[in-house]
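**Q** The residues making up each chain are set out below.
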Amino acid sequence: MKILVGIKRVVDFNVRVRVKPDGSGVDTDGAKMSINPFDEIALEEALRLREAGIASEVIVISIGDSSCQQQLRTGLAMGADRAIQVDTDIHLQPLAAARTMLAVIETEQPGLVILGKQAIDDDNNQTGQMLAALWNRPQATFASKVVVAGDTATVTREVDAGLETIEVDLPAVITTDLRLNTPRFVKLPDIMKAKRKPLEVIAFTELAVSNDNNIQIDHYAPPAVREKGIMVDSAAALVTELKSRGLL
Amino acid sequence: MSKILIIAEHNGVELNNSTAKCVSCAIATGGEIHIAVFSATGNEIAQQASELSGVTEIINIQSADYSHALATTIAPEAALLAADYSHVYGPSSTYGKDLMPRIAALIGVNQVSDIMAVKSSRSFQRPIYAGNAIIDVSVPADQTIVATVRNASWPAAETGGSASMREHTATAERPTHTRFVELASEGGDRPDLQSAKRVISGGRGLGSQENFAIIYALADKLGAGVGASRAAVDAAYVPNDMQVGQTGKIISPDLYIAFGISGAIQHITGIKDAGTIVAINKDSEAPIFEVADIGLVGDLFAIIPEIEAAL
Ligand SMILES: Cc1cc2nc3c(=O)[nH]c(=O)nc-3n(C[C@H](O)[C@H](O)[C@H](O)COP(=O)(O)OP(=O)(O)OC[C@H]3O[C@@H](n4cnc5c(N)ncnc54)[C@H](O)[C@@H]3O)c2cc1C
Ligand SMILES: Nc1ncnc2c1ncn2[C@@H]1O[C@H](COP(=O)(O)O)[C@@H](O)[C@H]1O
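Residue numbers (the working numbering), protein chains in the order written: chain A, -2 to 245; chain B, 67 to 377.
By construction, these hints were calculated from the structure, which means they are not laboratory data. The model shown is predicted, which means the values in this text are computed figures rather than measured ones. Virtual Cβ for every residue (Gly too), placed ideally from N, Cα, C. Any given hint might turn out to be false.
Think about it this way: if two alpha-carbon atoms lie no more than 27 Å apart in a straight line, the pair counts; the simulated DSSO-like pairs of lysine-lysine are [to be verified]:
#	chain 1	residue 1	chain 2	residue 2
1	A	Lys225	B	Lys263
2	A	Lys240	B	Lys348
3	A	Lys29	A	Lys17
4	B	Lys185	A	Lys240
Across the chosen pairs, the derived CB separations fall in these ranges [unchecked claim]:
#	chain 1	residue 1	chain 2	residue 2	range
5	A	Gly147	B	Gly97	44 to 50 Å
6	A	Val183	B	Arg245	33 to 39 Å
7	B	Ala106	A	Glu197	43 to 49 Å
8	A	Gly243	B	Ala222	19 to 25 Å
9	B	His243	A	Gly22	37 to 43 Å
10	B	Gly364	A	Asp209	54 to 60 Å
Just need the whole structure built from these sequences, with the hints factored in.
**A** Following this line, the structure appears as structure tokens:
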């Protein structure tokens, strides 16, 4: 079984992005770029399934311009067998990203697709669910545990009420939550080895995917700031303060 | 005029408060508001939905296949119903986040995630980059708007309404490739985080699962819900459903008290809508003090008993 893993290039989670003064976007110039943290977890899970003999090949895919090859190379260094870059300068919204993945799925025929639950730039949390819908296959979102046996996967999902377990027939789409695993560190020799692993570039235009029905972004603003607070010097003063504000 | 369909969230017995919040967002959008209730035997739930004021019709869709809230079985029928509406709203709970994009894809549109505010019937505000930027987005007139409503940004709609009830028989396919196995909840009987008026949270500073007992004890004294940082969840001090933040629950209590939480941006995102934020941390440089309304520097293990004594 092949596993396809989505890898999105995003501003590193430690970087605090700022909105440009004219409201035209966020300033990401020179910001450190990384693999979306949830996608690193997705790749780690796929690698573990390969190491357990359940998967035979792990393919990482990124949709974006040539700069995302950097994240694909990191994915190869972590242990993916090969990489696909779908080349486009357009920042695709989730529906088109899902359609693009579906086009690649038709060629690659993976038994499992693992994506992150959300990309931490746009915080959309849509692509996996959309891909599963278009592919007419099961979705197991927000996974914190995955067990694959034969042609089904049993997935524990982090839901508001606790932990929900569902069973899905393969092929299926799984999206990852933070507690699924802890991704491995990349070792230097693996970075060298990754340079020789195959990285295929497919032009987005070649896939005949329609990029329509987009949501328009009109304006960017910084979040509202909270008024500066006060410091108290004892628990008793804290309780007095809360009581005077009618909170206790 | 806009016609808005809300997909109700419930646990099989009771309507979730998130549905009433979607109604508030729909009222702000303007238009006729209907609620679809997918359930196995949910007449009670449909009845509760019909009492939300501002709603004119409840679509009651019952089938044994809906005994668990699986996106794969609900989405095809919801997408069919959507043909009669300009807007389809669901909550930004894990239920809505799982379901709504599947509906959007079947209709062939992108989703507006996490509506914080409505600017006009087709234009909305939503957060990106963990709340570091707020964007105004608009959806072109020829597209159905599918959206999730950010729970923490909206009050629950009032009750006192009396919407009409329409029974509807589902005709779309209900695939069997996805099957519910079980739901394990560890919640107990403390107030639900997303509706609690007071929330007490603990972070890595608690140091162990056993030490968390002092947080529970204080919460019980104050009738508060209990939350945690991701570090506390990762270290297995508490179960996952207590995590507050970008990837946990986004909450908006009147009072939020954080003990031993440093204030990472991912955590702050989840508490920014709280009325008053109180932080107790032994490190006076901890970033949580930048957002706290009231801060106290000190050892939480000494301070908690002192708070209890002063109550
Ligand atoms: C993609 C992504 C998503 C994330 N989502 C979330 C999320 O949803 N929610 C979330 O919380 N985090 C999230 N995180 C993690 C986040 O970045 C932080 O790592 C986490 O919030 C830290 O938790 P903490 O404050 O408990 O621990 P720490 O940062 O280790 O802070 C512990 C604090 O306790 C204080 N302390 C220690 N002992 C005491 C004592 N005796 N008395 C008083 N104070 C004491 C210390 O001074 C310190 O400030 C996410 C991270 C990523 C990458
Ligand atoms: N451009 C992209 N390239 C690769 N994977 C993507 C891309 N966009 C989204 N994804 C995948 O879809 C997940 C969810 O993204 P989103 O729906 O945008 O929050 C991400 O974690 C990725 O796994």
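**Q** Would you mind marking each hint as holding or not holding in the structure?
**A** Hints versus structure:
no.	hint	verdict
1	Lys225/A / Lys263/B	holds, 22 Å
2	Lys240/A / Lys348/B	holds, 23 Å
3	Lys29/A / Lys17/A	holds, 17 Å
4	Lys185/B / Lys240/A	violated, 37 Å
5	Gly147/A / Gly97/B: 44 to 50 Å	holds, 49 Å
6	Val183/A / Arg245/B: 33 to 39 Å	holds, 37 Å
7	Ala106/B / Glu197/A: 43 to 49 Å	holds, 47 Å
8	Gly243/A / Ala222/B: 19 to 25 Å	holds, 21 Å
9	His243/B / Gly22/A: 37 to 43 Å	holds, 41 Å
10	Gly364/B / Asp209/A: 54 to 60 Å	holds, 57 Å
Of the hints listed earlier, the one the structure fails to meet is number 4.
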